[in-house]
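Undergrad: The chain contents come next:
2 protein chains.
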Amino acid sequence: MPVVTASQESGLIEATLARLGVPAAEATIQAAALVEADLRGHASHGLRRLPTLAARIGNGVIVPGAVTKLDWHTESVLRVDGQGGLGPVVGRRATTALADRVQRTGVAVAAIAGANHLGILAPYVEDLSRQGLTALMTTTSEALVHATNGNQAIVGTNPLAIGIPAPGAPVVLDMATGLVSMGKIIDYAARGEPLPAGWAVDAAGQPTTDAAAAARGGAIAPFGGGKGYGLSLSLELLVAVLTGTALGPRVRGTLDTDQPATKGDLIIVFDTGLFTEVAAVGARIAAYLDEVRATAAPGQEVFIPGDRARAARERRLAEGITVPDELWARVTELAGDPVA
Amino acid sequence: MPVVTASQESGLIEATLARLGVPAAEATIQAAALVEADLRGHASHGLRRLPTLAARIGNGVIVPGAVTKLDWHTESVLRVDGQGGLGPVVGRRATTALADRVQRTGVAVAAIAGANHLGILAPYVEDLSRQGLTALMTTTSEALVHATNGNQAIVGTNPLAIGIPAPGAPVVLDMATGLVSMGKIIDYAARGEPLPAGWAVDAAGQPTTDAAAAARGGAIAPFGGGKGYGLSLSLELLVAVLTGTALGPRVRGTLDTDQPATKGDLIIVFDTGLFTEVAAVGARIAAYLDEVRATAAPGQEVFIPGDRARAARERRLAEGITVPDELWARVTELAGDPVA
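Chains as they are written, first to last, in the working numbering: chain R, 3 to 342; chain B, 3 to 342.
To be clear, the hints were calculated from the coordinates, so they are not data collected in a lab. Careful: at least some of the hints might be erroneous.
Beta-carbon label-pair distances, calculated as ranges [unchecked claim]:
1. 132/B / 327/R: 41 to 47 Å
2. 252/B / 310/R: 25 to 31 Å
3. 7/B / 75/R: 42 to 48 Å
4. 208/R / 198/B: 49 to 55 Å
5. 317/B / 151/R: 19 to 25 Å
6. 20/R / 252/B: 53 to 59 Å
For glycine and all other residues, C-beta sits at the position ideal for the given N, C-alpha and C.
Given the sequences, and given the hints that come with them, work out the whole structure.
TA: So, in structure tokens, the structure goes:
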């Protein structure tokens, strides 16, 4: 399997997007979002998404160069209409506007509709926290998860990300609220391996260990039982009620190639320094994180949210990103295709 | 076991607090918080807390009549210093100030330090959502939960509550981030029943099914594995970084009788109507919640967050609250004690 550097991967993505009419500055931002996912080990949100993005641009449901409408409804509430633009482009415009504004207001919120898939959330909150800001971000996504006691997909995998400034590196949580990702279930299916019990139901609503059956219209279990389901549903509602976007099965446009994106994104940013004495709190956080790590059971390691992604990122920056053969063939063909 | 009405319970609590010098208006608010917990089936946060509250007042770590400092740092950031006041009194003052302010600012945040235990969070977000507001609330608590791969208590059970206005009744999530409560483990110990595997470790950090051993300096597992642990730790940091309060083992004052409360509370309120067209979104939410319920597996019921608490509340309002004999003896003695 080919091993590529981050800059090779972003070069290929940028070239592909340029051929599709994406302005260079936008292509750079979109490429960075995909590369970050691959570097951190979230291949399902990396280069693998490029063919879908390309098809969506071709089908007019991603609009390169779309003007993002940034509308401050109050001093601290930003309504964002992405107008079909690339997700990371809209997301970055929103976080930049929030980071500027929050110095004055202490808290600022962006409610985003009409943006395509933002990609993994960690880089957004991480970048905000590197500026000393505290951030919370969540987004809706296609209904792939069943309710506790339910047997059909009805809530999104709705990720939640939290970024906390801390000495050294920010603490960065980024978790989906499904027990596993559909990407993982598809990987099991590709390998012909059975799923662990309790991961999924099939399209008929029956619990299944058949990965292929789960992937064909089945549903993933929520993480953490009833609490995880309750959290996932509450995030679905929180995003919808503040962004006016779609709910449950009406969320479209991040996995398919021809439907407008109907999900929403919510970003809340706090100017940490307006709340507390940052240096003092930072020192206490650093000491506490050391304490948390020191509670490891014998032979185990306790991780702080963000640790593993950071380690994975550094390893792949040094050693490169391994790309499956079929994907590499597909994206190099896409990059080299004559413009239709 | 005695069965009492909600008003009998609140009368007894108010009488006890009055004898301890708590102003009548504050006693009413504190009593309501305890009664709400009992009505909703969270006995560990109900009348059972009264002896601890009384001892804390006696020891000067709860200060009846304390003036709550409400300091708007910006138009939308409220720093609250409870000055040792009763938790629900401080909490209600904060939510009232936020509900007033948010009509203008769209979002408002209270960062609370120096308040005693607020009680269960659901009533706060529920009341805000009954006013059409969307609310998110979290709080730190004594370190009782171990990290994933850890074997000592190092994070709080840090509950998260989310309130979403919806036609009929708000959707109200209120979940602790421990797998179970320490109260439940103590109940197992009292009945001499073994704990299910994976619930807890003992004081030596060994996994245990001995409930009494777990309760004596052991630790509860986080809910939902690594994701739940990551969420719990992130909430611990989020509260601490925005309120300047204590972290991990330095959180005190909600379970003991003589330590000042060092935890923090964070409340974020959104004026839903400033974000979206409330009537339209409300109709969509109602339709979606029906869809979610309709996904129930055969013979099962899918619950919406808040459903079960509301049903439990209505049942106990009609049928009364059952109080264990030893607790009833203790609180009636407390209510009748001559003032020291």
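Undergrad: Check the structure against each numbered hint from earlier and tell me which ones fail, lowest number first.
TA: As far as the earlier hints go, 1 and 4 are violated by this structure, in ascending order.
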